[in-house]
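Colleague: Taken in sequence, the protein lines are chains V and L.
The first sequence maps to residues 0 to 179 in numbering that gives the first Met the number 0.
The second sequence maps to residues 0 to 712 in numbering that gives the first Met the number 0.
Please note: incorrect hints may appear among the correct ones.
[Unchecked claim] Taking lysine-lysine pairs in the BS3-like style, the calculated list, with each CA pair at most 25 Å apart, reads:
hint, chain 1, residue 1, chain 2, residue 2
1, L, K616, L, K549
2, V, K98, L, K567
3, L, K549, V, K102
4, V, K102, L, K569
5, L, K239, L, K296
6, L, K514, L, K399
7, L, K639, L, K568
8, L, K514, L, K616
9, L, K616, L, K569
10, L, K502, V, K128
11, L, K28, V, K98
12, L, K502, L, K399
13, L, K474, L, K494
14, L, K549, L, K514
Quick caveat, the hints were computed from the structure, so don't treat them as lab data.
None of these values were measured; they are calculated from a predicted model.
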Amino acid sequence: MKTNGTPNSSLPWWWPSEMVRIISSTLRQGILVLISLAGLALGQIAIVVHPDNPIESISREELEHFYNGSLTQFPDGTTVVLVEHNPTADRFYQILLNKSYIKVKKQWIRYVFSGRTANPPEEISNTLKLQEFVLANRGAIAFLPYEDVTINVKFLAVDGHNVSHEHYLFADTKLFTQQP
Amino acid sequence: MVERLNSTAELIALSTGVALGLNSYDAIKESFEWLEQDTSIVYVLLLGDDGELFASYDNSDAPLDTAEILSHYSVYESDEILHGSIPIKFQGNNYGLLYIGYSLSPMHHRIERSTSLALLIGFTILILGVLLAYLGGAYVTLPIKELQTAATKMAEGNHDIRIKHQPNDEVGDLARAFNTMAENIDSVLAELKESEQKFRNVTESAGDAIIGMDDEACISFWNPAAERIFGYESDEVMGKVLHDLIVPEKYRDTAKMAVDNFFLTGSGSALGKFLTLSGLHKDGIVFPVELTLSAAKVHNKWLAIGVIRDITDRVRHEKMRKGLYDITNAYTRSTSLEELFTNIHTTLGEIMDVSNFFIATYDAQTQLLSFPYFVDEKDEKPDPQPLRHGLTEYILRTRKPIFINEDEIRSLAQQGEIDLVGPPSVQFLGVPLLLEHEPIGTITVQSYSDESCYDLDDLAVLEYVSHQVAYAIIKRRDADALQASEEKYRVLSNKLEQSNQMKDMLLDIITHDLKNPAGVISGVTEMLSNEYPDDEMIKMIRSSSENLLKVITNATTLSKVSMDESIKKKELEVFVIVQEILDGFATALKQNDIRVENNIDPEQKILANPIIEEVFKNYISNAIKYAAHGKKIVIDTETKDDNIFIYVRDFGTTILEENREAVFVRNLQLGKTEGRGLGLAIVKRIAQSHGGEAWVEPNQPTGNSFVLQLPIA
Numbered sequence: 000m001k002t003n004g005t006p007n008s009s010l011p012w013w014w015p016s017e018m019v020r021i022i023s024s025t026l027r028q029g030i031l032v033l034i035s036l037a038g039l040a041l042g043q044i045a046i047v048v049h050p051d052n053p054i055e056s057i058s059r060e061e062l063e064h065f066y067n068g069s070l071t072q073f074p075d076g077t078t079v080v081l082v083e084h085n086p087t088a089d090r091f092y093q094i095l096l097n098k099s100y101i102k103v104k105k106q107w108i109r110y111v112f113s114g115r116t117a118n119p120p121e122e123i124s125n126t127l128k129l130q131e132f133v134l135a136n137r138g139a140i141a142f143l144p145y146e147d148v149t150i151n152v153k154f155l156a157v158d159g160h161n162v163s164h165e166h167y168l169f170a171d172t173k174l175f176t177q178q179p
Numbered sequence: 000m001v002e003r004l005n006s007t008a009e010l011i012a013l014s015t016g017v018a019l020g021l022n023s024y025d026a027i028k029e030s031f032e033w034l035e036q037d038t039s040i041v042y043v044l045l046l047g048d049d050g051e052l053f054a055s056y057d058n059s060d061a062p063l064d065t066a067e068i069l070s071h072y073s074v075y076e077s078d079e080i081l082h083g084s085i086p087i088k089f090q091g092n093n094y095g096l097l098y099i100g101y102s103l104s105p106m107h108h109r110i111e112r113s114t115s116l117a118l119l120i121g122f123t124i125l126i127l128g129v130l131l132a133y134l135g136g137a138y139v140t141l142p143i144k145e146l147q148t149a150a151t152k153m154a155e156g157n158h159d160i161r162i163k164h165q166p167n168d169e170v171g172d173l174a175r176a177f178n179t180m181a182e183n184i185d186s187v188l189a190e191l192k193e194s195e196q197k198f199r200n201v202t203e204s205a206g207d208a209i210i211g212m213d214d215e216a217c218i219s220f221w222n223p224a225a226e227r228i229f230g231y232e233s234d235e236v237m238g239k240v241l242h243d244l245i246v247p248e249k250y251r252d253t254a255k256m257a258v259d260n261f262f263l264t265g266s267g268s269a270l271g272k273f274l275t276l277s278g279l280h281k282d283g284i285v286f287p288v289e290l291t292l293s294a295a296k297v298h299n300k301w302l303a304i305g306v307i308r309d310i311t312d313r314v315r316h317e318k319m320r321k322g323l324y325d326i327t328n329a330y331t332r333s334t335s336l337e338e339l340f341t342n343i344h345t346t347l348g349e350i351m352d353v354s355n356f357f358i359a360t361y362d363a364q365t366q367l368l369s370f371p372y373f374v375d376e377k378d379e380k381p382d383p384q385p386l387r388h389g390l391t392e393y394i395l396r397t398r399k400p401i402f403i404n405e406d407e408i409r410s411l412a413q414q415g416e417i418d419l420v421g422p423p424s425v426q427f428l429g430v431p432l433l434l435e436h437e438p439i440g441t442i443t444v445q446s447y448s449d450e451s452c453y454d455l456d457d458l459a460v461l462e463y464v465s466h467q468v469a470y471a472i473i474k475r476r477d478a479d480a481l482q483a484s485e486e487k488y489r490v491l492s493n494k495l496e497q498s499n500q501m502k503d504m505l506l507d508i509i510t511h512d513l514k515n516p517a518g519v520i521s522g523v524t525e526m527l528s529n530e531y532p533d534d535e536m537i538k539m540i541r542s543s544s545e546n547l548l549k550v551i552t553n554a555t556t557l558s559k560v561s562m563d564e565s566i567k568k569k570e571l572e573v574f575v576i577v578q579e580i581l582d583g584f585a586t587a588l589k590q591n592d593i594r595v596e597n598n599i600d601p602e603q604k605i606l607a608n609p610i611i612e613e614v615f616k617n618y619i620s621n622a623i624k625y626a627a628h629g630k631k632i633v634i635d636t637e638t639k640d641d642n643i644f645i646y647v648r649d650f651g652t653t654i655l656e657e658n659r660e661a662v663f664v665r666n667l668q669l670g671k672t673e674g675r676g677l678g679l680a681i682v683k684r685i686a687q688s689h690g691g692e693a694w695v696e697p698n699q700p701t702g703n704s705f706v707l708q709l710p711i712a
């Protein structure tokens, strides 16, 4: 396995080149933190389905079951086609499953390797294409930023709260304040 | 083994990397299916970079000792399983490690089995080997024999032969190769046949003679066009020496030398060029040909192919074209008819025999036939003569070209169409000179000795020439006529000039020499009548002399207006003009107690010649004369459309409708000078010369309104 040591690690911290390295890496990390916090400041995440899907509302539990692969059918028997929007996926899975996106992906790989019939989510990053995909698949369920919904897809309320409600599961998050 | 392990591991690691890095699970699904089918893979473990074992595939019989596996970092073997690990990487990201176990037991079993079977197999092979030596020998030679037979048949020309027996070995390959070769030969032969057919089609339909000559200068190819051009059938010439047949005798030696040189060296001056030469027909006629020669070396021998075109017609047409060009040129070059005729005669001489050539012209007025150009071997140039009954007159009558021989001339004479005039010709070619289908002469060539002197082409040339000559003659006549009419015009215009001068002189006399004495007479009689107011004679003289003066003045004015085709106009103020005239009439107005209302806008301007004041003078003096005593005269203007209307209204007696036009008509009867007579005629004339009009209409409630209409500039 790889070691994390760098060739210059033997140098003292006051060595000019070492200082430049430390400062620049600190700065870089700081910027990354800022960017990720900014990402948290995004608005509501909408849960959408095909307009013909009779379902109007979904419980958090059902949504969890859909996205961790343990439920594969809607109440009316339609097979679920999972769709995920990247980069919304990170925040979505954090809120819903309390798992990182990479963890969720590993979980799907585990399902595949254990021989389970697994239908992992279709990842689509273009929101327009994502909505077109939903309109083309009767069993599709997808999440995407609420502000990016432009086509006539159907919003689902979660636990009886619709997307603009303040207690909506994926309500907008203020900068520097995280959901507990 | 290790390689196989590695490639399997790499595939799964890559598809895992794709799932994690690209969020696409298709590859991992597929590699899992593939994994399941490979029974020799015992397990696959996926360890995340966080140390968590996130996926595992287990195909082993015994429970998997995960801890033991994860503790190794390199390839190792245990319990007939080969263990290994590789990193899961994708696009530079490290996602962890993949562990794989590969079963070695199927291979171990194989090795054991093969050792025990080795001896048995050895024996079997030995026995089979002996058996095969016998059978194989027969089996191998069978197709070879067939191959040999086929090759022999093929050599004999049977191209349809194919080998049916094709064993799956080298002999079989040979058989298949043979069959391919046979097919190739077939297609090559078919192509050859086709190209031969094409060649035959081309040479047979060619318009040019295509002649082949072998290395002994003998004819080896002779196409149908060659038969037509040279008159020999193909059978007659094959194998004969080419030059003896188709080269005229005087060129034969030169040609033979060139050919000998060609066969020695393969090169020659004639190769690859267009040569214009003479050819010899079977009948002995020599005619112009164009030759292109190409050479080919076949079987180490030179072969010459000549393409020969009969250019008799072309040479002739070229000559004719040049002739026609020269004739056209002659026409533009010549300054007189005589020169043109001489030039045409010379030029025609290059195309045809013009030993006997004449141009005849017929003048319909004098009814004489003259010969402006006449060249003849037997005849003298005739003088202009009245029409007779010869061939020339026949052409003039029929207006058609004739091309006849002696017999036809005689038969025409027998039919009474012509009389035989002059020495008899054996060929006569005559064309009418036509002007708008009317014959004005003929142009003729004839021969007294050669019966095949002319042909239809010559007739065509002569017809072309006839147009040129006819046109030239007409142009000359037109030029003469033009000169005559110019002369006539000049005389007329001289006369006109003279009469114009006379008129001017007369006018001058009238205006000055007549007007002055009349003025004197008038002045003197006025004095006389003042002295003897009751003398009727003096009154008469006075009135007459005043009228005379008025007539002279009017006549002068009228002639001024009549003469000037276009009058000079300038901007004038109507109000001022009228006011000045009214001032002039002040005494008369006072005597008659007439009041004048001048309603003309002082700003109103018109574009007119100053002579326009004559109009107002006339209108106002008339109004004074005819307005009732104590009444008024009203003058006003009106602008309508592009015209200005000026009205002079009186309130006297209204002129009857039937007389309204008459008052404007010129009336020169001196006895009726009391009327509005000449004055208003001038008014009308002046108005019209300005593009306007003058008339009278009734005034309300009584009297007349004299109108002058003028266009606004």
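Colleague: Each hint should be assessed against the structure and marked as holding or not.
Modeller: Consistency of the hints with the structure:
no., hint, result
1, L:K616 - L:K549, "holds (13 Å)"
2, V:K98 - L:K567, "violated (111 Å)"
3, L:K549 - V:K102, "violated (134 Å)"
4, V:K102 - L:K569, "violated (109 Å)"
5, L:K239 - L:K296, "holds (20 Å)"
6, L:K514 - L:K399, "violated (75 Å)"
7, L:K639 - L:K568, "holds (21 Å)"
8, L:K514 - L:K616, "holds (20 Å)"
9, L:K616 - L:K569, "holds (19 Å)"
10, L:K502 - V:K128, "violated (106 Å)"
11, L:K28 - V:K98, "holds (23 Å)"
12, L:K502 - L:K399, "violated (59 Å)"
13, L:K474 - L:K494, "violated (30 Å)"
14, L:K549 - L:K514, "holds (9 Å)"
In the structure shown, a violation is registered for the earlier hints numbered 2, 3, 4, 6, 10, 12, 13, in ascending order.
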